[in-house]
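Chemist: Below are the chains, spelled out letter by letter.
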Amino acid sequence: MKIVEGLYYTEEHEWVKVEGEKAYVGITDFASHQLGDIVFVELPEVDAELAKGDTFGVIESVKAASDSYMPVSGTVVEINEALEDEPELLNADAFENWMIAVELKDESELEELMNASEYEEFCNKEE
Amino acid sequence: MADLKRTALYDSHLKWGGKIIGFAGWELPVQYEGLVPEHHAVRNNAGLFDVSHMGEVSVKGKEATAFVQYLVTNDVKVMADNQVIYAQMCYENGGVVDDLLVYKFDNDEYFLVINASNVDKDYAWMVEVAAKFDVALVNLSPDYSELALQGPKAQEILQKLTDTNLDEVGFFFLKRDVNIDGINCLISRTGYTGEDGFEIYISHEDAPKMWDSILNIGKDLGVKPVGLGARDTLRFEATLPLYGQEIDKDISPLEAGLGYFVKLDTDDFIGKDALVKQKAEGLKRKVVGFEMIGKGIPRHEYLVFKDGKEIGVVTTGYKSPTLDRTIGLALVDAEYSKMDEEFEIQIRNKMSLAKVVSKRFYQKQYKK
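Quick note, the sequences are listed as chains A and B, same order.
If you read the first sequence in this note's numbering, its first letter stands for residue 5, the second for the next number, and so on.
If you read the second sequence in this note's numbering, its first letter stands for residue 1452, the second for the next number, and so on.
Don't read these hints as lab results, they were simulated from the structure.
Treat the numbers as computed from the prediction; the structure is a model and nothing was measured.
Mixed in with the good hints there might be a few duds.
Restricting the straight-line Cα-Cα distance to at most 30 Å, the calculated cross-link-like pairs of lysine-lysine (BS3-like) are [to be verified]:
id, chain 1, residue 1, chain 2, residue 2
1, A, Lys56, B, Lys1746
2, A, Lys129, B, Lys1466
3, B, Lys1746, A, Lys26
4, A, Lys56, B, Lys1801
5, A, Lys6, B, Lys1470
6, A, Lys26, B, Lys1801
7, B, Lys1626, B, Lys1611
8, B, Lys1700, B, Lys1528
9, A, Lys21, B, Lys1746
Modelling step: build the complete structure from the supplied sequences, incorporating the hints.
Modeler: So this is what it looks like as structure tokens:
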């Protein structure tokens, strides 16, 4: 299982990568394996203002649809449109293929998330 | 998973990497390696399923044929010995109690195979109906394990384990007392995938050995263990109905497009009057096939709209692994069931366009 250092992680298996004011959000390798073959990704509108915990997207495997939750509050500034045509990119490399970019509303929310080693420990308990 | 039953193959599933979920009161594997590779294994080579959760009822007695004829929609009295047919059991109002396979041993003995989630309801219904007939019913559901080996290489694999020439078992026929891998079995050339294949009824104690033998001997031919996930996508592509989705107590077999299995011109059966009337008056609702034009995956219970008016509900929908098209079945008002008719499926908070297409999504590959 791949885990990338330097990212923030949630218990719902999303990751956050901060670059200045902007944060990229995606799902982890663990999540993409759990989901299996991903066949559809639904993303929010650009400019959507979402609070921490809100559903920002839906990822569908052949079997079922799963919600993705905002790890932090913010305004959507960009979506990864490539996922709409090639949802399988999330299976190929979940860390390379971010889902949305947001402008952070409150950086202090990041402190509530896990770092890579905490997340690894969390996944080991889940398996 | 409290109160869930385990099949005799529970440990085998763990051993072969099965991911266990609760289904119809049972703990069963939803997948092993993954839904999509398992699905393709069945279409291209072979897959082995644990379907021990299915229920079985024995019918014996002088009036066995008359009883089953009255119980189900299909014509039982024309069956040959050792033949199997698909049928529904209906209520008086034409709604479906369950769909089932009828195995005929001879005029005085039948073996009925029913859905796991309906076993108690079905058996109670059969007992009630049987009161007027000279028959003895036994619910054998707790006594049998059942395996399904499905796919174009199913026969080649199973043949390695038996001296019985499997060509002798025709499509929708059964054979009793077949020795497979030293185990006495009842087998039939039936299944729920749209492929050739066999269903195998054996004792619980023999099931784990048979499971391993088939997977080991068929390994070079590409057999894989297959979970409930691919079982559903396979049956869906072949337009085989699932009770609770395409058929239900509130959906008649005619509405579901299963009229072929409803013989209205034969002896009386329960629900016949209602179905004759329904047919004469014209169907008000129909199960149709559709393909998505817009984005999204249609799922069971999503609503169908036309010009803002609710006209039906999705019974099953998937991004089809074999066809790579996003397709579904929906029960809609009959006036919207014509080919190429467009309607919208509500997917979460958005409407997405779909159009009616033939529901023969996948051409069944039976060996007849």
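Chemist: Work down the list of hints and note, for each, if the structure agrees.
Modeler: So, going through the hints one by one against the coordinates:
Our distance criterion of 30 Å between C-alpha atoms is met by lysine 56 of chain A and lysine 1746 of chain B, whose separation comes to about 26 Å. Note on lysine 129 of chain A and lysine 1466 of chain B: the hinted pairing holds, with a Cα-Cα distance of about 21 Å set against a maximum of 30 Å. Among the hinted pairs, lysine 1746 of chain B with lysine 26 of chain A is consistent with the structure: their alpha-carbon atoms are about 29 Å apart, no more than 30 Å. Under the criterion of a C-alpha separation no larger than 30 Å, the hint pairing lysine 56 of chain A with lysine 1801 of chain B is consistent with the structure, at around 23 Å.
As the CA atoms of lysine 6 of chain A and lysine 1470 of chain B are separated by approximately 21 Å, the hinted pair is consistent with the 30 Å bound. Between lysine 26 of chain A and lysine 1801 of chain B the alpha-carbon distance is near 28 Å, which keeps this suggested pair within the 30 Å criterion. For the hint linking lysine 1626 of chain B to lysine 1611 of chain B, the alpha-carbon distance of about 17 Å falls within 30 Å, and the restraint holds. A hinted pair counts as satisfied when its Cα atoms are at most 30 Å apart, and lysine 1700 of chain B with lysine 1528 of chain B qualifies at roughly 25 Å.
Under the criterion of a C-alpha separation no larger than 30 Å, the hint pairing lysine 21 of chain A with lysine 1746 of chain B is consistent with the structure, at around 29 Å.
Violated hints: none; the structure is consistent with every hint.
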